[in-house]
Amino acid sequence: MTGWAMALFQRDLRLSVRIGGSALVGVLFFLAVVTVIPFGVGPDLNLLARIGPAILWIGALLATLLGLDRLFQADREDGTLDLMMMAGRPLELVILIKCLAHWIATGLPLVVAAPLLAIFLNLDPVSMGAVTLTLLVGTPALTLIGAIGASLTVSLRRGGLLLAVLVIPLAIPVLIFGVSSADAAIHDPVPFLTPFLILCALTLIAAVVGPIASAAALRFSAD
Amino acid sequence: MAFWDYANPTRFLRLVQVVLPWLIGFCVLAFAAGLYMAFFTAPEDYQQGNTVRIMYIHVPAAWLCMMCYTVMSISSIGTLVWKHPLADVSAKSAAPIGAAFTFMALVTGSLWGKPMWGTYWVWDARLTSVLVLLIMYLGLMTLWRTMDDPIKAGKSAAILTLVGALNLPIIKFSVDWWNTLHQPASVVRMDGPTIHPDILWPLLVMAVAFTLLFFVLHLMAMRNEILRRRVRALRMRAASVSRPGTAAATAQPAE
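These protein sequences, in sequence, are chains P and H.
The numbering of the first sequence is UniProt numbering, which starts it at 1 and goes up by one.
The numbering of the second sequence is UniProt numbering, which starts it at 1 and goes up by one.
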């Protein structure tokens, strides 16, 4: 049971780290988004500190969306996906493991980069920690929700843009609670724990709904 | 059971032929009565004046955009669980109608908002969640258009519809939270005046009229979709006959 899961996890992780350097590209894109925002809203440090958590969250959302089409595409192109589906293992579990590996390769680097980028946005240490913590808890939800979009668009030749359109409405709750718990840590209108726990709950819900829906979509698109 | 009898598209088309004229008739009557009441018998609001009459379009449209998503969700369950051949036709043809009602609710709402709140758009919780609903409708329609095979597209869209149905309450809840966090006392107070019967009756008649309109449009769109699929199947058959050796046209359940 754990043998094949571990093997799949290591394979996915190795592939995504070694081929194309997707982790680095994601972080670079994150940096580019954060760099562009001050050109749009002006270099006022107070303003940047106020909207900093929101900028970091939107940057992380966009960077996650960009990487999502690689979740199943490469495996479908070389036929690995068909083998995985015929292997007799629960497809939901396979997808959960693939999502975990994908998140460690693309999501975790964003979380690690967040404190560094927070310096550019004039965030104080407390809010820096809060944003990083919310990103650590919230970005898995983005990957898991994105898996639904990725499996729906896997058979399309240019599904990347459609994927983003399909996933963004579903990702709104995560964004709202991620930003509001980071805000709550800074100028506490509500206790930090309330939105943070809801964010955790959203991630757990996504960990159930995402693999189930995505497995159903993959089964229907394969036959 | 009637539900299964009408799985046959031909039988369903025959039913549509019988039911549709009656539905259209009732719909026209309801609209005539509703519009007359809305424009002539319903009183002006003492604060809002004549602009309150926008409500008779706006509120039914907003109700209908929720009902349309419900119809699509039920149809999606029909597609995935019972594999009812007309379920994905129903879901597919409901999506543009739902998007149109949502768009109508947004446009009339912002036209009403301009004289009342002084602005076309407020990031109020209700408005925002309806906007998200519109984006979801448009995303679903795009998903249907980008897939060639109508059966596969129907199944994919059904999954997305159900995920959306699961997510819509969460989105609604989180948008409410987000808004109360940012602007506690909102401009929009729907619970302000209790609705007087003089206003309530035209509203209810208009709601019935809009519901009838939805069913008329939905049945017509379903009929068109069935005919469109038949044309597609005939074309594929003709193509495979004229060029033997190519793959035969696959049988479509909805023909």
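None of these hints come from the bench; they were simulated from the model.
Computed from a predicted model, the values in this text were never measured in an experiment.
Glycine included, every Cβ here is placed at the ideal spot set by N, Cα and C.
Possibly wrong hints are sitting among the right ones.
[As the list claims (entries may be wrong)] Distance windows between CB atoms, simulated:
#, chain 1, residue 1, chain 2, residue 2, range
1, H, L204, P, F39, 38 to 44 Å
2, H, D176, P, L116, 44 to 50 Å
3, P, L116, H, P115, 19 to 25 Å
4, P, F9, H, P115, 57 to 63 Å
5, H, I135, P, R50, 37 to 43 Å
6, H, A239, P, L116, 55 to 61 Å
7, H, R145, P, M86, 42 to 48 Å
8, H, P197, P, F39, 34 to 40 Å
9, H, D176, P, L204, 16 to 22 Å
10, H, V19, P, F39, 37 to 43 Å
11, H, L13, P, G88, 41 to 47 Å
12, P, L47, H, W121, 29 to 35 Å
13, H, T119, P, M85, 48 to 54 Å
14, P, L31, H, P169, 34 to 40 Å
The hints, checked one at a time:
Here the CB-CB span from L204/H to F39/P is close to 53 Å, at odds with the stated 38 to 44 Å. At roughly 34 Å, the beta carbons of D176/H and L116/P sit outside the given window of 44 to 50 Å. For the pair L116/P and P115/H, the supplied restraint of 19 to 25 Å is violated, since their beta-carbon distance comes to about 49 Å. At about 60 Å, the beta-carbon gap between F9/P and P115/H stays in the expected band of 57 to 63 Å.
Between I135/H and R50/P the CB atoms are about 27 Å apart, so this pair departs from the stated range of 37 to 43 Å. For the hinted restraint 55 to 61 Å between A239/H and L116/P, the CB-CB distance of approximately 59 Å keeps it satisfied. For the pair R145/H and M86/P, the supplied restraint of 42 to 48 Å is violated, since their beta-carbon distance comes to about 31 Å. The given range of 34 to 40 Å is broken by P197/H and F39/P, whose C-beta atoms sit roughly 57 Å from each other.
Between D176/H and L204/P, the C-beta spacing of about 21 Å keeps the proposed range 16 to 22 Å intact. Checking the proposed 37 to 43 Å range against V19/H and F39/P shows it is violated: the Cβ atoms sit about 60 Å from each other. As the Cβ distance of L13/H to G88/P is approximately 43 Å, the hint placing it in 41 to 47 Å holds. Remark: the range hint 29 to 35 Å for L47/P to W121/H is contradicted by a beta-carbon distance near 23 Å.
A hinted range of 48 to 54 Å holds for the C-beta pair T119/H and M85/P, which are about 52 Å apart. Range check, L31/P to P169/H: about 36 Å between beta-carbon atoms, so the 34 to 40 Å window is met.
Violated hints for the displayed structure, listed by number in ascending order: 1, 2, 3, 5, 7, 8, 10 and 12.
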